[in-house]
Amino acid sequence: FGGKMYSATLDRMEAYGTAAMTVVNGARDSFLVAGVVPDGNGGFKPNTQVVSPQKYWGVVASGVGNSNTGITEANLYNASNVRIRNIQLSYTFPNRLLTGTPFQKASISLSCNNVLMLSSHMHGLDPESSYATGTNAVGFEDGSSPTIRTFYIAINLGF
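Going letter by letter, the sequence shown gives residues -2 to 156 in the working numbering.
There may be inaccurate statements among the hints.
[Stated by the list, open to error] If you anchor each label on the Cβ, the simulated ranges turn out as follows: (1) Asn22 with Val135: 34 to 40 Å; (2) Arg82 with Gly140: 23 to 29 Å; (3) Ser116 with Thr147: 18 to 24 Å.
The hints are simulated quantities; they were obtained by calculation from the structure and are not laboratory data. Here the structure is a predicted model, which is why all the values come from computation and not from measurement. Note that CB positions come from ideal geometry on N, CA and C, so glycine has one too.
Given these sequences and hints, build the entire structure.
Now the structure itself:
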(Lines of atoms letter the chains of each structure in order from A and count residues from 1; the text may use other names and numbers.)
(Lines give C-alpha, C1' and ligand atoms only; values in the text may rest on other atoms or scores of the structure.)
Protein backbone atom coordinates (compact mmCIF):
# COMPACT_ATOMS: atom_id res chain seq x y z
CA PHE A 1 0.00 0.00 0.00
CA GLY A 2 1.16 3.52 -0.76
CA GLY A 3 3.63 5.05 -3.12
CA LYS A 4 3.23 6.69 -6.51
CA MET A 5 3.85 5.26 -9.97
CA TYR A 6 4.27 7.12 -13.24
CA SER A 7 3.03 5.28 -16.33
CA ALA A 8 4.62 6.36 -19.61
CA THR A 9 2.64 3.55 -21.29
CA LEU A 10 -0.71 5.11 -20.35
CA ASP A 11 0.70 8.55 -21.22
CA ARG A 12 1.43 7.42 -24.78
CA MET A 13 -1.87 5.56 -25.10
CA GLU A 14 -3.73 8.71 -24.08
CA ALA A 15 -1.72 10.86 -26.48
CA TYR A 16 -2.50 8.53 -29.39
CA GLY A 17 -6.16 8.06 -28.37
CA THR A 18 -5.89 4.33 -27.68
CA ALA A 19 -6.52 4.47 -23.91
CA ALA A 20 -10.04 3.77 -22.67
CA MET A 21 -10.13 7.10 -20.84
CA THR A 22 -9.86 8.99 -24.15
CA VAL A 23 -13.31 7.75 -25.19
CA VAL A 24 -16.33 8.76 -23.13
CA ASN A 25 -19.31 6.42 -23.46
CA GLY A 26 -18.04 5.18 -26.83
CA ALA A 27 -17.83 8.67 -28.33
CA ARG A 28 -15.12 11.23 -28.90
CA ASP A 29 -17.29 14.31 -28.39
CA SER A 30 -15.71 17.64 -27.52
CA PHE A 31 -15.98 18.58 -23.86
CA LEU A 32 -15.44 21.40 -21.40
CA VAL A 33 -12.34 21.08 -19.23
CA ALA A 34 -13.05 22.24 -15.70
CA GLY A 35 -10.63 24.95 -14.67
CA VAL A 36 -9.70 28.56 -15.20
CA VAL A 37 -8.05 30.61 -17.94
CA PRO A 38 -6.37 34.05 -17.82
CA ASP A 39 -8.88 36.90 -17.96
CA GLY A 40 -6.43 39.33 -19.58
CA ASN A 41 -6.29 41.56 -16.49
CA GLY A 42 -3.86 39.50 -14.41
CA GLY A 43 -6.60 37.33 -12.96
CA PHE A 44 -8.51 34.23 -13.99
CA LYS A 45 -12.00 33.37 -15.16
CA PRO A 46 -13.79 30.00 -15.56
CA ASN A 47 -12.94 28.14 -18.75
CA THR A 48 -15.79 28.17 -21.29
CA GLN A 49 -14.04 26.78 -24.37
CA VAL A 50 -14.72 23.16 -25.36
CA VAL A 51 -11.92 21.05 -26.80
CA SER A 52 -11.74 17.78 -28.70
CA PRO A 53 -10.43 14.72 -26.87
CA GLN A 54 -7.59 14.55 -29.39
CA LYS A 55 -6.43 18.08 -28.60
CA TYR A 56 -6.89 17.65 -24.85
CA TRP A 57 -5.00 14.37 -24.54
CA GLY A 58 -2.35 15.51 -27.03
CA VAL A 59 -1.49 18.36 -24.67
CA VAL A 60 -2.00 16.58 -21.34
CA ALA A 61 -0.07 13.47 -22.36
CA SER A 62 3.53 13.94 -23.42
CA GLY A 63 3.97 10.82 -25.56
CA VAL A 64 3.23 12.22 -29.03
CA GLY A 65 6.07 14.70 -29.10
CA ASN A 66 3.84 17.76 -29.57
CA SER A 67 4.48 18.73 -25.97
CA ASN A 68 7.32 18.36 -23.54
CA THR A 69 5.47 18.31 -20.27
CA GLY A 70 7.60 15.57 -18.73
CA ILE A 71 6.03 13.57 -15.93
CA THR A 72 2.50 14.90 -15.60
CA GLU A 73 0.08 14.49 -12.74
CA ALA A 74 -2.41 12.98 -15.21
CA ASN A 75 -0.31 9.80 -15.31
CA LEU A 76 0.90 9.65 -11.74
CA TYR A 77 -1.02 6.85 -10.04
CA ASN A 78 -1.47 5.49 -6.57
CA ALA A 79 0.67 2.33 -6.62
CA SER A 80 -1.41 0.59 -3.96
CA ASN A 81 -2.79 -2.71 -5.11
CA VAL A 82 -4.37 -5.84 -3.72
CA ARG A 83 -3.40 -9.19 -5.13
CA ILE A 84 -3.25 -12.85 -4.32
CA ARG A 85 0.49 -13.32 -4.17
CA ASN A 86 0.83 -17.05 -3.61
CA ILE A 87 -1.27 -20.19 -3.38
CA GLN A 88 0.35 -23.43 -2.33
CA LEU A 89 -1.17 -26.87 -1.90
CA SER A 90 0.72 -29.82 -0.43
CA TYR A 91 -0.18 -33.42 0.19
CA THR A 92 1.84 -35.90 2.22
CA PHE A 93 1.09 -39.52 1.40
CA PRO A 94 0.22 -41.66 4.44
CA ASN A 95 2.66 -44.45 5.32
CA ARG A 96 0.05 -47.13 4.58
CA LEU A 97 0.11 -46.12 0.89
CA LEU A 98 3.90 -46.43 0.79
CA THR A 99 4.15 -50.00 2.07
CA GLY A 100 5.71 -52.26 -0.53
CA THR A 101 7.54 -49.29 -2.14
CA PRO A 102 11.15 -48.23 -1.60
CA PHE A 103 9.90 -44.90 -0.14
CA GLN A 104 9.55 -44.06 3.54
CA LYS A 105 8.10 -40.59 2.86
CA ALA A 106 6.45 -39.00 -0.16
CA SER A 107 4.76 -35.67 -0.77
CA ILE A 108 3.66 -33.51 -3.67
CA SER A 109 3.28 -29.73 -3.71
CA LEU A 110 1.75 -27.35 -6.23
CA SER A 111 2.42 -23.64 -6.03
CA CYS A 112 1.53 -20.53 -8.02
CA ASN A 113 3.12 -17.09 -7.50
CA ASN A 114 1.49 -13.82 -8.61
CA VAL A 115 -1.89 -15.51 -8.85
CA LEU A 116 -4.32 -12.63 -9.37
CA MET A 117 -4.50 -8.83 -9.26
CA LEU A 118 -7.68 -7.94 -7.37
CA SER A 119 -7.38 -4.15 -7.32
CA SER A 120 -5.12 -1.58 -8.96
CA HIS A 121 -5.41 2.14 -9.75
CA MET A 122 -3.39 1.83 -12.98
CA HIS A 123 -6.08 0.90 -15.51
CA GLY A 124 -4.93 -2.67 -16.09
CA LEU A 125 -1.18 -2.17 -15.71
CA ASP A 126 0.85 -3.84 -12.99
CA PRO A 127 2.10 -1.28 -10.44
CA GLU A 128 4.99 -3.61 -9.66
CA SER A 129 6.29 -3.35 -13.22
CA SER A 130 9.62 -1.64 -13.40
CA TYR A 131 11.22 0.39 -16.19
CA ALA A 132 14.61 -1.20 -15.61
CA THR A 133 16.39 -3.26 -13.01
CA GLY A 134 19.63 -2.18 -11.41
CA THR A 135 18.73 1.51 -11.79
CA ASN A 136 17.00 4.18 -9.77
CA ALA A 137 13.93 3.96 -12.05
CA VAL A 138 11.68 2.96 -9.15
CA GLY A 139 8.12 4.20 -9.58
CA PHE A 140 8.46 4.58 -13.35
CA GLU A 141 6.80 2.29 -15.89
CA ASP A 142 7.32 2.50 -19.65
CA GLY A 143 6.20 -0.49 -21.69
CA SER A 144 7.38 -2.69 -18.86
CA SER A 145 6.56 -6.36 -18.67
CA PRO A 146 4.15 -7.27 -15.89
CA THR A 147 5.26 -9.33 -12.93
CA ILE A 148 5.40 -12.90 -14.16
CA ARG A 149 3.16 -15.67 -12.92
CA THR A 150 5.04 -18.84 -12.06
CA PHE A 151 3.88 -22.37 -11.36
CA TYR A 152 5.85 -24.97 -9.42
CA ILE A 153 5.40 -28.68 -8.89
CA ALA A 154 7.54 -30.38 -6.27
CA ILE A 155 7.75 -34.09 -5.55
CA ASN A 156 9.65 -35.12 -2.42
CA LEU A 157 10.64 -38.72 -1.92
CA GLY A 158 12.41 -40.09 1.14
CA PHE A 159 14.22 -43.43 1.08
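TODO: List in ascending order the numbers of the hints, as given earlier, that are violated by the structure.
DONE: none
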